[in-house]
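Number of protein chains: 2
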Amino acid sequence: MGGFSRRDLLKAALLASTALAIPSMAFANDVPQPLPSWNNGATKASIVDFVTAVTTEGSPDYVAPADRIATFDNDGTLWGEQPMYVQLAFALDRVKAVAANHPEWKNTEPFKSIIAGDLAGMAAAGEKGLMEVLGATHSGMSGEDFTEIATQWIGSARHPKTGRLYTEMVFQPMLELIDYLDANGFKVFIVSGGGMEFMRPWTDRVYGIPSERVVGSSIKAQYDDSGTSPVINRLAEVDFIDDGAGKPVGIYNHIGKRPIAAFGNSDGDFQMLEWTTSGPGRRFGLIVHHDDAAREYAYDRQSHFGRLDRALDAAPQRGWNVVSMKDDWKTIYPQ
Amino acid sequence: MGGFSRRDLLKAALLASTALAIPSMAFANDVPQPLPSWNNGATKASIVDFVTAVTTEGSPDYVAPADRIATFDNDGTLWGEQPMYVQLAFALDRVKAVAANHPEWKNTEPFKSIIAGDLAGMAAAGEKGLMEVLGATHSGMSGEDFTEIATQWIGSARHPKTGRLYTEMVFQPMLELIDYLDANGFKVFIVSGGGMEFMRPWTDRVYGIPSERVVGSSIKAQYDDSGTSPVINRLAEVDFIDDGAGKPVGIYNHIGKRPIAAFGNSDGDFQMLEWTTSGPGRRFGLIVHHDDAAREYAYDRQSHFGRLDRALDAAPQRGWNVVSMKDDWKTIYPQ
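Chains C and Y are the protein sequences, given in the same order.
Per the working numbering, residue 1426 is the first one in the first sequence, and the count goes up by one each step.
Per the working numbering, residue 1426 is the first one in the second sequence, and the count goes up by one each step.
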């Protein structure tokens, strides 16, 4: 039995109560209400209404479980992205961690600035500098070594403001939303602009989303069996950018089906929401709006990482739900 | 309840008998023995021994369900590949189906030969000609249109020798092997040199393998929201060849974990088997050997599509199992 997760057992209990005609009264008091960290209001009602419609047999909106695909952006949607993307914090820490092996970095930007803790100097190197940093920290090792490095880092790195582990800065209401969809037969995927291999080591533990359901940006990889033991080498060459118009393509490539529900927080998610909600039948789109300066961060439109203009403007006419973190969520982080 | 599959209910019954302490005697007589179409012998014993070892808690070989990744080649491993790859038969049929829209093909090879039913003439155009045929039949439409085309074709096309639907020419012992692994908590994937989008429309129905667990070769795709409704366009440009050394890379990209079991039938599967079985802990590799001229086809080494030299030579020293279709399988196709 130890091989089964809590979720398996819950599912078994739910199924058993139906399929094996065990009186379900014994379980009724134990079944939690969905979305406890969401305030009652239009957004929560809209979520429950959608899930009920597509899972109720005989409903005109019914969707078979195999087609209940839900895709979530990660940065800013499932966890925080301020004051910088977590993966960038990882890259900066890695530069410092391996600087001793790169004496040339003392005189090379943006490495020199990063080592000195000068973020403005780093930013001055622009996108080209950023790509050099990502290349130096994300390639040149085997896939399994990178997984080990990312696993070690995520297990100990802490947010500069809250002092929490980054994995403790996931959004509790979104965890409940993932669980609610999962319990209703959805297949939940991450579709992120972030690096696929940076997320995969911890998404199962933190979100209950296994590695094969994590879609993201990636660099090229190459199989090498010339040594004593074969390895997959990570090359310093971009393979795919899973952002903007890349997200529907990433979905097509990894999932092979159009989602019926999509969740994002920026214009980088626009096309994913558009692709999802323009399909036939009942569809669901949602934007997490960071408007809670007291409990998290408030940033908007031009000030948003990657902007939020187009998606916010389109939301009313396209029927996308806009979550106010301030008003819709009772709590931000897990206890 | 209608949303749950037969497999869900079986799993629920198995879980319920453990987790809810329902006496399991009621089910004992109904539990089928695994692999009924496999003759008792070394290969079957080796499969059962491996699965038992990695699923038995407390066993030194125990593997948690999340890491029980099994990858199967498709052509020649799960279904037949003679007298030609099924996907090539699809492409040739598509050339004929759309020839009326391409009057220029009457004078252009290899299309002219294909329309005339002259396979030798087609073959004379070599790999370049083949790529033109694949481009003309697999790109230039939306992803959803291609899915519809492939679905229609696979629902009616029949094998030239047996007259069966191609989906009825899957190998019954391999279906049982997939079910056996699935029932033991494995996640089963296809990792094929064939086109991902050609397989995905039917793998769930035929193998019980959903689209997101199908890894294969692919062409580039592009999101286009310039029209009234957004589409994903299939471009006439190769994106990834999931064969040979590409298979471990495809696995890394789509699954993100090294498999513990891999199943193939040619040298195109060599690196997948090598990558899988060179990992730490208990591993399993298997090669389907087509040696049954009476019930299927007999072909070997140089005569094999893509050859089988290297994998057969390596099998003994690497501990890979070689299935004799003639001796190990009671039956080839489903009834």
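Where hints are given, some of them may not hold.
Which copy is meant is left open, so a pair is good if it fits within one copy or across any two.
In silico BS3-like pairs for lysine-lysine, Cα to Cα no more than 27 Å straight-line [unchecked claim]: (1) Lys1645 with Lys1751; (2) Lys1755 with Lys1586; (3) Lys1755 with Lys1537; (4) Lys1469 with Lys1531; (5) Lys1612 with Lys1682.
Hint data in this document are derived by calculation from the structure and do not stem from the laboratory.
Legend entry - Violations among the numbered hints: As far as the earlier hints go, 1, 3 and 4 are violated by this structure, in ascending order.
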